[in-house]
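A.B. asks: Full structure from sequences and hints, please.
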Amino acid sequence: QVKYQNQPIELGKLITVSEKNNSGNFSIPLEAGYIQTSETTTAGKADGTLQFTLQYH
Numbered sequence: 180q181v182k183y184q185n186q187p188i189e190l191g192k193l194i195t196v197s198e199k200n201n202s203g204n205f206s207i208p209l210e211a212g213y214i215q216t217s218e219t220t221t222a223g224k225a226d227g228t229l230q231f232t233l234q235y236h
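Take the sequence shown: its position 3, counted from the start at 1, is 182 in this note's numbering, and no numbers get skipped.
There's no promise every hint is true.
To be verified - Restricting the straight-line Cα-Cα distance to at most 30 Å, the calculated cross-link-like pairs of lysine-lysine (DSSO-like) are: (1) K192 <-> K182; (2) K224 <-> K192; (3) K182 <-> K224; (4) K199 <-> K182.
What the hints assert, rightly or not - Estimated spans, in silico, between C-beta atoms of each pair: (5) Q234 <-> N201: 19 to 27 Å; (6) T220 <-> P187: 15 to 23 Å; (7) A222 <-> K192: 16 to 24 Å; (8) T228 <-> N200: 25 to 33 Å; (9) I194 <-> S217: 38 to 46 Å; (10) L233 <-> Q180: 40 to 48 Å; (11) T221 <-> P187: 20 to 28 Å; (12) K199 <-> T221: 40 to 48 Å; (13) N201 <-> D226: 35 to 43 Å.
No lab work stands behind these hints: they were computed from the structure. For each residue, glycine too, the CB sits at the ideal point set by N, CA and C.
C.D. replies: Below you can see the structure in the form of structure tokens.
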């Protein structure tokens with residue numbers, strides 16, 4: 180699950196990010212986490228990837 184401003188982002192849906200500064204640097208504060216999908220969990224490796232498109236004007 181990916182979150183922006185503590186809210187889950189719906190995959191495939193556009194979001195507007197308007198974090199502005201005068202330094203020329205720009206950060207998008209995204210958070211990622213795993214969601215348990217079964218009653219039990221076991222230790223082990225858990226990998227994930229995310230691809231996103233950035234448009235700026």
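A.B. asks: Does each hint fit the structure? Answer for all of them.
C.D. replies: Structure-based check of each hint:
1. About 13 Å separates the Cα atoms of K192 and K182, which keeps this hinted pair within 30 Å; it holds.
2. The hinted pair formed by K224 and K192 meets the criterion: a straight-line CA distance of about 29 Å does not exceed 30 Å.
3. Distance restraint check for K182 and K224: the Cα-Cα separation of roughly 22 Å lies within the 30 Å cut-off, and the hinted pair is therefore satisfied.
4. Taking the CA atoms of K199 and K182, the gap is near 19 Å; set against the 30 Å cutoff, the hint holds.
5. Between Q234 and N201 the C-beta distance comes to about 21 Å, which sits within the given range of 19 to 27 Å.
6. In this structure the supplied range 15 to 23 Å holds for T220 paired with P187, their Cβ-Cβ distance being about 20 Å.
7. Against the hinted window of 16 to 24 Å, the Cβ-Cβ separation of A222 and K192 comes to about 33 Å, which falls outside the hint.
8. The beta-carbon spacing between T228 and N200, approximately 28 Å, falls within the hinted interval of 25 to 33 Å.
9. For I194 and S217, the hinted distance range of 38 to 46 Å is not satisfied, since their beta carbons lie about 29 Å from each other.
10. As the Cβ distance of L233 to Q180 is approximately 20 Å, the hint placing it in 40 to 48 Å is violated.
11. At roughly 25 Å, the beta carbons of T221 and P187 sit within the given window of 20 to 28 Å.
12. Evaluation of the 40 to 48 Å hint for K199 and T221 yields a pass: the beta carbon distance comes to about 44 Å.
13. In this structure the hint that N201 and D226 lie 35 to 43 Å apart at CB holds, the actual value being about 37 Å.
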